[in-house]
Amino acid sequence: MAYPANYKYTKQHEWISVEGTTGTVGITDYAQSSLGDIVFVELPKLGDVLDAGKIFGSVESVKAVSDLYSPASGTVTAINEELKDAPERVNADANATWMLKLELKDATELDALLSAADYETFVSEETGH
Amino acid sequence: MAEMTATLRKTALNATHRAHKAKMVDFGGWDMPVEYSGLVAEHMAVRTGVGLFDVSHMGDIQFRGPGSLAAVQRLCMNDASKLAVGQAHYSAMLYPDGSFVDDVVVHKLSENDYLIVINAGTREKDVQWVRKTVGHMPSIHISDYSDMYTQLAIQGPKAQATLQKLTDTDLNGIKNYWFRWGKVCDLYNVMIARTGYTGEDGFEIYIPSDETTSGRVWGEVLAAGAEFGILPCGLGARNTLRLEAAMALYGHEISETTNVLEAGLGRYAKLDKGVEFVGREALVAIEAAGGPKRKLVGLEMIERGIGRDGYPVCALSGEKIGVITSGSPAPFLKKNIALAYVPVQYAGVDELVAVEIRGQLVKARVVATPFYKRAKKTA
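One line per chain: the protein sequences are A and B, in this order.
Numbered by the working numbering, the letters in the first sequence go through residues 1 to 129 in order.
Numbered by the working numbering, the letters in the second sequence go through residues 1001 to 1379 in order.
Because the hints were derived from the structure by calculation, they are not lab data.
Heads up, some of the hints might be wrong.
When the alpha-carbon atoms are kept at most 30 angstroms apart in a straight line, the in silico DSBU-like pairs for lysine-lysine are as follows [what the hints assert, rightly or not]: (1) B:Lys1165 / B:Lys1010; (2) B:Lys1335 / B:Lys1320; (3) B:Lys1334 / B:Lys1363; (4) A:Lys105 / A:Lys54; (5) B:Lys1165 / B:Lys1376; (6) A:Lys45 / B:Lys1273; (7) B:Lys1270 / B:Lys1293; (8) B:Lys1335 / A:Lys45; (9) A:Lys84 / B:Lys1010; (10) B:Lys1376 / B:Lys1335; (11) B:Lys1023 / B:Lys1320; (12) A:Lys54 / B:Lys1320; (13) B:Lys1320 / B:Lys1082; (14) A:Lys45 / B:Lys1334; (15) B:Lys1021 / B:Lys1082; (16) A:Lys45 / A:Lys84; (17) B:Lys1165 / A:Lys84; (18) B:Lys1021 / A:Lys11; (19) B:Lys1293 / B:Lys1183; (20) B:Lys1273 / A:Lys54; (21) A:Lys84 / A:Lys54; (22) B:Lys1270 / A:Lys84; (23) B:Lys1175 / B:Lys1273; (24) A:Lys84 / B:Lys1023; (25) A:Lys11 / B:Lys1023; (26) A:Lys45 / A:Lys105; (27) B:Lys1373 / B:Lys1270; (28) B:Lys1376 / B:Lys1270; (29) B:Lys1175 / B:Lys1320; (30) B:Lys1021 / B:Lys1334; (31) B:Lys1335 / B:Lys1373; (32) B:Lys1010 / B:Lys1183; (33) B:Lys1293 / B:Lys1273.
Keep in mind it's a predicted model, so treat the numbers as computed, not measured.
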C-alpha cells in the first residue's frame, strides 16, 4: 500500500491533495483494496456544495457499498467523468484516480486531517496488522 | 482483533489461505477466504476455466443402520428411497411450519448408509435438530463427521480435465449429482462427487482433514489446473456464482421465516413419498389454501443502481411490498441482479417494481431464474 506524503487523509479513507485553493479528492489504496472490484462510483454534481466530514457520494464494489466523506468543505468544480464507464480505474491506481475537485472554502480545515504517516498507523491499528 | 481471531473456527487450509494472501473474513464463525486475486477474476475463472474452493466449513452427518432410511425420510423433504447407491440429491430439513432448518445434499453411500452435507453456520443447530427429531428412532446410528473432512470444490468447464490428472477414476462415468470413491492425489477411497454450488460443472472431493494432507492436495489441484488458468477462489465468488445460478443460500433466500413453497423449492418436497416428513402437513395446508402469498423472484435492475441484501422492494407507487434476500452485480452476466420476496401478484415475469436504494426508488424488472444457465455439453 502506498500513501503519497503530499496528500492528506480522512479516517473514512479518502485522500485530498491541494493546489492553491483547489482540493482534489479520491479514495486510498487501502480503501480500494478492502472494497475489491469497484463497479460504480456515485458522485455529486458540478456546483454542489460539500461540507467537511459529510457524505458526498458512494463507491460500490461487487461485494459492498461504501459512503464517501468529504475531506473538506467547498464547491464542486470538476467531476472525473471517466469513472462512469471505467470505475475499475480506482482499483488500478487509487492514488492517481481522482473523483472530484473542490474550490475549498477554508484551507485551515485540512489541518485536522491525517498525514500519510498518521494514516498508515491508523490503518494498521484498524486492521490489526 | 487478537481475541476475535481466537474464537473463529479454522479449516485445515487456514494457514495455506493466509500464506497465499487471501483476504479473510468471519463467515458464520469461520475464518474463511473471501477473495484471493479478486472476486471478479475468480468468478470468471469458474465460468470459463476452473476454480478451486475450500468448503471444509460445511458439515457432514452420517446415518447408518437398518433404520437410517426411515430417519432420513422423516427428516428431509425429498424422497431418499429413490436414491441409488452412489447418487445424491438436493433436499432440506424443515420445521413443522414448513420453514427451513437447513438445506442439505443427501448422499446414499450404501444400503443403510447416508451422508448429508449441511451448512457451516447451522452445524450445531442441525445436529441438535437431527438428534431431537430422529434420535429416538430404532436401529440408527448418527455420527457428526463435520471435522473429519477437508472438502474441496473444483468447479468450472475445465474442472474435469483438472481433476482427471489426479485420479485414475474415470470422471466421465460420474453423472451430475452422482459420486464414486477413487484414488485422488495418492489417497485411497476419496469420495468424488459431481456436485457444486456455482451453476457450473464441477466436483467436490472429501479428503482427510489433517493440515499436511489438505495443503498437499490443495497445491496439487492448483498445479494440475495451471494450464487452464485455475484460480483459488473465495466465498465472495462462491456467492456471486450461486446467485447467478439462483441457488438459495441459508439465512438469505431460505431461513426459519421462509417456507419451501414461497422459496420455489416445492419440486424437491415429495409430499406423496409415503412418509410424514417434518413440515409436510404445513406444506399441504399452504397448498390447500391456494399456495403461498409471496414468492421468491429474480430481479434485474433496469435503472442504474445495485439492489443488495435487505433493501426494500416497492411497487412503482412507492409502497413497500417485499425485500431483497441477495443482490449483487453479476460478474459474468454484467447486470445487477437480485433475488427477492414479493407478493404473488407482483411475481410475474416482466412485472416492473422498484428497489429502494438509500432512499431512492430504482426500477427493476422481474425476470425468469436462473439468471445464468450453463450451456448443455455438446458431445
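Does the structure keep lysine 1335 of chain B and lysine 45 of chain A at a Cα separation of 30 angstroms or less?
holds, 25 angstroms
Given the proposed pairing of lysine 1320 of chain B with lysine 1082 of chain B, does the C-alpha separation stay at or below 30 angstroms?
violated, 43 angstroms
Take the C-alpha atoms of lysine 1376 of chain B and lysine 1270 of chain B, compute the straight-line distance between them, and say whether it is at most 30 angstroms.
holds, 27 angstroms
Under the criterion that the straight-line Cα-Cα distance not exceed 30 angstroms, is the pair lysine 1293 of chain B, lysine 1183 of chain B satisfied?
violated, 50 angstroms
Restraint status (C-alpha distance of lysine 1165 of chain B to lysine 1010 of chain B at most 30 angstroms):
Holds. Lysine 1165 of chain B to lysine 1010 of chain B sits at ~29 angstroms (cutoff 30 angstroms).
Assess, step by step, whether the Cα of lysine 1175 of chain B is no farther than 30 angstroms from the Cα of lysine 1273 of chain B, and give holds or violated.
Roughly 24 angstroms separates the two Cα atoms, so the pair holds.
Would you mind confirming whether the straight-line C-alpha gap from lysine 1010 of chain B to lysine 1183 of chain B stays at or under 30 angstroms?
Given that 30 angstroms is the threshold and the Cα spacing comes to 26 angstroms, the pair holds.
Within 30 angstroms, alpha carbon to alpha carbon, are lysine 1293 of chain B and lysine 1273 of chain B?
With Cα atoms ~25 angstroms apart, lysine 1293 of chain B and lysine 1273 of chain B stay inside 30 angstroms; holds.
Hinted pair, alpha-carbon criterion (30 angstroms max): lysine 1023 of chain B, lysine 1320 of chain B. Please report holds or violated.
violated, 36 angstroms
Given the hinted pair lysine 1335 of chain B and lysine 1320 of chain B, is their Cα-Cα distance within 30 angstroms?
holds, 24 angstroms
Just to be careful, I want the Cα atoms of lysine 1270 of chain B and lysine 84 of chain A compared with a cutoff of 30 angstroms; is the pair within it?
violated, 49 angstroms
Between lysine 84 of chain A and lysine 1023 of chain B, does the CA-CA distance stay at or below 30 angstroms?
Holds. Lysine 84 of chain A to lysine 1023 of chain B sits at ~27 angstroms (cutoff 30 angstroms).
Violation of the numbered hints given earlier is confined to hints 6, 9, 11, 13, 15, 17, 19, 20, 22 and 29; the remaining hints are satisfied by the structure.
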